[in-house]
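The listed protein sequences correspond, in order, to chains F and H.
So the first sequence is numbered by our numbering: it starts at 5 and just counts up by one.
So the second sequence is numbered by our numbering: it starts at 5 and just counts up by one.
Simulated from the structure, these hints should not be mistaken for laboratory data.
Accuracy of the hints is not assured; some may be wrong.
Because identical chains cannot be distinguished in the list, a pair is counted as satisfied if it fits within a single copy or across any two copies.
[Unchecked claim] Dumping the calculated DMTMM-like pairs for lysine to aspartate or glutamate here, alpha-carbon to alpha-carbon at most 25 angstroms:
| # | residue 1 | residue 2 |
| --- | --- | --- |
| 1 | Lys-146 | Asp-8 |
| 2 | Lys-146 | Glu-225 |
| 3 | Lys-146 | Asp-91 |
| 4 | Lys-146 | Glu-9 |
| 5 | Lys-146 | Glu-103 |
| 6 | Lys-146 | Glu-102 |
The structure presented is a predicted model; accordingly, all values stated were derived computationally and were not measured.
Number of protein chains: 2
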Amino acid sequence: MPADEIEALAFDVFGTVVDWRSGITEAFTRVGDRAGISADWPSVADAWRRRYRPTLDRVTRGELAWQNFDGLHRIMLDDVLAEHGLDGSDGLGEADREEMVRAWHGLPPWPDAVPGLTRLRERFILSTLSNGHVAMLVHLAKGGGLPFDCILSVELVGTYKPDPEVYRSASRFLDLPPERVLMVACHPYDLRAAAAEGMRTGFVTRPLEWGPDTRVEPPPEGVDLVAEDFNDLAARLGC
Amino acid sequence: MPADEIEALAFDVFGTVVDWRSGITEAFTRVGDRAGISADWPSVADAWRRRYRPTLDRVTRGELAWQNFDGLHRIMLDDVLAEHGLDGSDGLGEADREEMVRAWHGLPPWPDAVPGLTRLRERFILSTLSNGHVAMLVHLAKGGGLPFDCILSVELVGTYKPDPEVYRSASRFLDLPPERVLMVACHPYDLRAAAAEGMRTGFVTRPLEWGPDTRVEPPPEGVDLVAEDFNDLAARLGC
Numbered sequence: 005m006p007a008d009e010i011e012a013l014a015f016d017v018f019g020t021v022v023d024w025r026s027g028i029t030e031a032f033t034r035v036g037d038r039a040g041i042s043a044d045w046p047s048v049a050d051a052w053r054r055r056y057r058p059t060l061d062r063v064t065r066g067e068l069a070w071q072n073f074d075g076l077h078r079i080m081l082d083d084v085l086a087e088h089g090l091d092g093s094d095g096l097g098e099a100d101r102e103e104m105v106r107a108w109h110g111l112p113p114w115p116d117a118v119p120g121l122t123r124l125r126e127r128f129i130l131s132t133l134s135n136g137h138v139a140m141l142v143h144l145a146k147g148g149g150l151p152f153d154c155i156l157s158v159e160l161v162g163t164y165k166p167d168p169e170v171y172r173s174a175s176r177f178l179d180l181p182p183e184r185v186l187m188v189a190c191h192p193y194d195l196r197a198a199a200a201e202g203m204r205t206g207f208v209t210r211p212l213e214w215g216p217d218t219r220v221e222p223p224p225e226g227v228d229l230v231a232e233d234f235n236d237l238a239a240r241l242g243c
Numbered sequence: 005m006p007a008d009e010i011e012a013l014a015f016d017v018f019g020t021v022v023d024w025r026s027g028i029t030e031a032f033t034r035v036g037d038r039a040g041i042s043a044d045w046p047s048v049a050d051a052w053r054r055r056y057r058p059t060l061d062r063v064t065r066g067e068l069a070w071q072n073f074d075g076l077h078r079i080m081l082d083d084v085l086a087e088h089g090l091d092g093s094d095g096l097g098e099a100d101r102e103e104m105v106r107a108w109h110g111l112p113p114w115p116d117a118v119p120g121l122t123r124l125r126e127r128f129i130l131s132t133l134s135n136g137h138v139a140m141l142v143h144l145a146k147g148g149g150l151p152f153d154c155i156l157s158v159e160l161v162g163t164y165k166p167d168p169e170v171y172r173s174a175s176r177f178l179d180l181p182p183e184r185v186l187m188v189a190c191h192p193y194d195l196r197a198a199a200a201e202g203m204r205t206g207f208v209t210r211p212l213e214w215g216p217d218t219r220v221e222p223p224p225e226g227v228d229l230v231a232e233d234f235n236d237l238a239a240r241l242g243c
């Protein structure tokens, strides 16, 4: 895939641009310390995130009304805390839970994200294309200094990935044919859905997304480009 | 209105952030010189822009299907050129007209826009809230170096200002109560419509929008803030 066929890059955000596991573990530790509660916070963070796909699938199947990530995160968090015995009078209270939901708005970018995006932005239009809602993505971009040109979100079409409508909306809002837009993600399911709508696809490996020594998914078949991180992505696209 | 009540600023773009008259006059001059056609290009630019409000009003009344600005600009341009005797075999051809429609994607910011926005961005979330479509606004922001955090457009709700739905959508997508968002514009009708939806309003004077020695509209009654330009706006908001 020659780089000059591409005009815009659309980025998945959670896992691909920002390190949710470190950010959420840190927030749990802070909130837990304050409340005098200790737990295996990385495992609680993982359990929270594991509820993500099945919960979104319930929305795309129409079993649960569309709501933004704050709403869904709160539902999932309450379940996860109950499951781990962290609710009740000696568990996390209302304000703690709100703070944890809000922690998803302030996750740290992977170390290569800002330098890589800065290089890529010289040549391409950079957009998010995320399951996060617009305000959340604005907070993440602003807080992390992420130089996006545009914030695109599933919120604009009222569904969730991998609904084809999400990928079509990127092409529509950027006013580009899908093959001029490169979807960048570390999750094969996202890239498969993007490719099915005619987008180009770039797989970025994020071996630490679920912590050290975890199984890393291989790139999907037929992917246009594989990169180690965003600096490598910039180099492969001639930036 | 204390500045700490405001979290985000939503900007009108054409006239408020960018100088459409200079940009369009320059593009007409370039295209005309190439085609060997001379005309009073500033007047043609003004005539094109004067068709703007009546054309958008036809869309909001449901008489014309929603389409993006490229489509509407082309319809208006063809009419204006015919009106000025600039069509036919010795007028502007198809490629020239496409170039003129595209010129709206590359308009120059007013000289205070980038420095003012840069100061404001330190403290506030900055978004567009424009009748331009998303791709057009991305091109304007990227080309002009305008540091917006977010691109909001009427395209996201399929209508045009001053439809109340446009202003409600800003509040919804920014996930803020309307009174936490300051609508910034040089056009009273825009601010009146924003205020009717509970937004705060900031009027910026743009005495040269329609060229020198033209009538300048006074700020609307009840406006929260009046500023001479974006640097003055930044100062008045404590930036």
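Cross-check of the supplied hints:
1. Lys-146 <-> Asp-8: between (29 angstroms within a copy, 18 angstroms between copies)
2. Lys-146 <-> Glu-225: For Lys-146 and Glu-225, the Cα distance exceeds 25 angstroms both inside one copy (34 angstroms) and across copies (34 angstroms).
3. Lys-146 <-> Asp-91: neither (33 angstroms within a copy, 48 angstroms between copies)
4. Lys-146 <-> Glu-9: between (29 angstroms within a copy, 19 angstroms between copies)
5. Lys-146 <-> Glu-103: Within. Shortest intra-copy distance 18 angstroms satisfies the 25 angstroms Cα cut-off; inter-copy 34 angstroms does not.
6. Lys-146 <-> Glu-102: within (20 angstroms within a copy, 36 angstroms between copies)
This entry does not satisfy hints 2, 3, going by the numbered hints stated previously.
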